[in-house]
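Protein chains: 2
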Amino acid sequence: MQYPEPISKLIEGFMRLPGIGPKTAARLAFYVLDMKEEDVFDFGKALVNAKRELTHCSICQHITDTDPCRICEDQTRDRSVICVVQDSKDVIAMEKMQEFRGQYHVLHGAISPVDGIGPEDIHIPDLIKRLQDETVQELIVATNPNIEGEATAMYISRLVKPTGIKVSRIAHGLPVGGDLEYADEVTLSKAIEGRQEL
Amino acid sequence: MQYPEPISKLIEGFMRLPGIGPKTAARLAFYVLDMKEEDVFDFGKALVNAKRELTHCSICQHITDTDPCRICEDQTRDRSVICVVQDSKDVIAMEKMQEFRGQYHVLHGAISPVDGIGPEDIHIPDLIKRLQDETVQELIVATNPNIEGEATAMYISRLVKPTGIKVSRIAHGLPVGGDLEYADEVTLSKAIEGRQEL
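Those protein sequences? They're chains A and B, same order as listed. FYI, the numbering for the first sequence is 44 to 241, going by this note's numbering. FYI, the numbering for the second sequence is 44 to 241, going by this note's numbering.
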């Protein structure tokens with residue numbers, strides 16, 4: 044005997060999610076069976092609704108339930124600065140900071156020749172199009188500090204600099220609250236390189 | 044700005060599951076947005092269906108989509124032996140072994156005075172009722188090898204033994220493939236205690 048069909052379907056569903064293997068999936072599925080019926084229905088509805096109602100903003104490609112998204116629509120935000128990020132989650136992280144008042148552009152990926160991802164596969168052409176109406180004066184490239192993110196930043200910088208728009212890259216260095224002792228060499232050398240006068 | 048509402052609802056849904064905190068929930072939610080629409084719908088349906096279609100078997104309390112469950116209905120199985128387990132997952136584990144041909148009784152818990160769980164809160168009264176028609180000759184108590192499981196086993200044994208039904212407990216000892224060096228003292232002492240002649 045295996046699991047009854049409804050439960051094995053649920054286990055399969057959980058197993059499609061990242062980082063969830065057969066054991067965790069079974070544990071979660073059995074947990075769901077003990078949950079309140081109402082909560083399970085809400086969760087099921089939330090899944091379907093999230094997929095159905097969310098799209099990418101036609102301007103900045105950020106995930107949104109309105110188009111254009113609330114950030115692109117917000118008239119109080121500075122339209123002269125665009126922060127380029129790899130992922131919608133990065134926008135959320137930036138917004139939590141509550142300091143950046145410009146706009147965003149979400150690439151949904153980074154250039155990675157190894158994986159066959161070129162500039163046309165992420166939203167770089169859309170970004171270039173956004174720069175044509177001359178309102179944008181600065182591009183802050185906040186792609187991830189790894190090989191793909193750096194390559195993407197370099198690519199964008201080379202493409203955009205000739206147009207006269209300022210292109211900057213977020214600083215690399217020691218995380219606040221971190222410990223110098225435990226920092227890796229590359230981070231440390233970046234921290235020294237980017238030192239600022241006090 | 045926070046997450047758009049459909050996604051924050053989905054994150055909340057994931058956070059209700061055990062072992063999933065806000066960061067993992069957000070990661071899973073964003074993953075869902077990138078999944079195929081069809082897969083997401085199937086998953087949502089599986090959630091609701093599992094909750095709606097599964098009940099506990101009225102005989103053995105195992106999770107099932109038919110009542111009585113397939114094991115209780117199976118005429119080829121030995122009705123003289125009942126294996127008592129704490130959880131439906133334990134039935135699945137036993138069935139994977141493909142050796143035990145008796146029936147089961149799922150307690151859905153174990154006696155735990157600390158948590159206020161007594162014999163009436165788990166399915167012990169149902170078990171006693173099952174023993175009354177004299178078909179059952181042996182009870183194999185396969186509750187977990189921890190304090191609650193042992194207490195439950197002792198309780199059941201004391202209750203059932205006077206009726207003349209044989210009560211046995213699954214063996215404790217070194218797991219197959221394990222290493223004596225890494226075994227804890229209690230397991231090792233149980234392994235010595237339960238030694239068998241070769």
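Bear in mind the hints are in silico, worked out from the structure with no lab data behind them. Fair warning: this is a prediction, and the values are worked out from it, not measured in the lab. It is possible that part of the hints are untrue.
Identical chains share a label here; the pair holds if one copy fits it or two copies do between them.
To be verified - In the DSS-like style, the derived pairs of lysine-lysine whose C-alpha atoms are separated by at most 30 Å in a straight line are:
#  : residue 1 : residue 2
1  : 52        : 172
2  : 172       : 233
3  : 88        : 233
4  : 172       : 88
5  : 139       : 66
6  : 79        : 209
7  : 88        : 204
8  : 88        : 209
9  : 52        : 233
10 : 79        : 233
11 : 66        : 233
12 : 172       : 79
13 : 52        : 204
14 : 139       : 52
15 : 209       : 66
16 : 132       : 172
17 : 66        : 204
18 : 132       : 88
19 : 79        : 204
20 : 66        : 172
21 : 139       : 209
22 : 52        : 209
23 : 204       : 132
Consistency of the hints with the structure:
In the homo-oligomer, the alpha carbons of residue 52 and residue 172 never lie at most 30 Å apart, since the shortest distance is 45 Å inside one protomer and 34 Å across protomers. For a Cα distance limit of 30 Å, the shortest separation of residue 172 from residue 233 qualifies neither inside one copy, at 32 Å, nor across copies, at 73 Å. In this assembly of identical chains, the alpha carbons of residue 88 and residue 233 never lie at most 30 Å apart, being 46 Å within a copy and 50 Å across copies at closest. When the C-alpha separation of residue 172 and residue 88 is checked against a cutoff of 30 Å, the pair qualifies neither within a copy, at 37 Å, nor between copies, at 41 Å.
Only between protomers do residue 139 and residue 66 lie at most 30 Å apart by alpha-carbon distance; the minimum there is 14 Å, versus 35 Å within a single protomer. In the homo-oligomer, the alpha carbons of residue 79 and residue 209 never lie at most 30 Å apart, since the shortest distance is 54 Å inside one protomer and 38 Å across protomers. Proximity of residue 88 to residue 204 under the C-alpha cut-off of 30 Å is found in neither arrangement, the shortest distances being 46 Å within a copy and 50 Å between copies. For the identical chains of this complex, residue 88 and residue 209 are neighbours neither inside a copy (45 Å) nor across copies (50 Å), given an alpha-carbon limit of 30 Å.
For the identical chains of this complex, residue 52 and residue 233 are neighbours neither inside a copy (49 Å) nor across copies (39 Å), given an alpha-carbon limit of 30 Å. For the homomeric pair residue 79 and residue 233, neither the shortest alpha-carbon distance inside one copy (51 Å) nor that between copies (40 Å) is at most 30 Å. Within a single copy, residue 66 and residue 233 get their C-alpha atoms only as close as 42 Å, which misses the 30 Å cut-off; across copies the closest is 28 Å, which meets it. Taking identical chains as interchangeable, the C-alpha atoms of residue 172 and residue 79 lie at most 30 Å apart only when they sit on different chains, with a minimum of 29 Å there against 49 Å within one chain.
When the C-alpha separation of residue 52 and residue 204 is checked against a cutoff of 30 Å, the pair qualifies neither within a copy, at 52 Å, nor between copies, at 41 Å. Taking CA atoms no more than 30 Å apart as the test, residue 139 paired with residue 52 passes between copies only; the shortest distance there is 18 Å, against 37 Å inside one copy. In this assembly of identical chains, residue 209 and residue 66 lie within 30 Å of each other by CA distance neither inside one copy nor across copies; the values are 51 Å within and 34 Å between. Within a single copy, residue 132 and residue 172 get their C-alpha atoms as close as 23 Å, which meets the 30 Å cut-off; across copies the closest is 56 Å, which misses it.
Taking CA atoms no more than 30 Å apart as the test, residue 66 paired with residue 204 passes in neither setting, with 51 Å inside one copy and 36 Å between copies. For the homomeric pair residue 132 and residue 88, the shortest alpha-carbon distances inside one copy (22 Å) and between copies (27 Å) are both at most 30 Å. In the homo-oligomer, the alpha carbons of residue 79 and residue 204 never lie at most 30 Å apart, since the shortest distance is 57 Å inside one protomer and 38 Å across protomers. For the homomeric pair residue 66 and residue 172, neither the shortest alpha-carbon distance inside one copy (47 Å) nor that between copies (34 Å) is at most 30 Å.
Taking the shortest Cα distances, residue 139 and residue 209 sit within 30 Å of each other inside one copy (25 Å), while across copies they are farther apart (64 Å). For the homomeric pair residue 52 and residue 209, neither the shortest alpha-carbon distance inside one copy (52 Å) nor that between copies (39 Å) is at most 30 Å. Taking CA atoms no more than 30 Å apart as the test, residue 204 paired with residue 132 passes inside one copy only; the shortest distance there is 27 Å, against 61 Å between copies.
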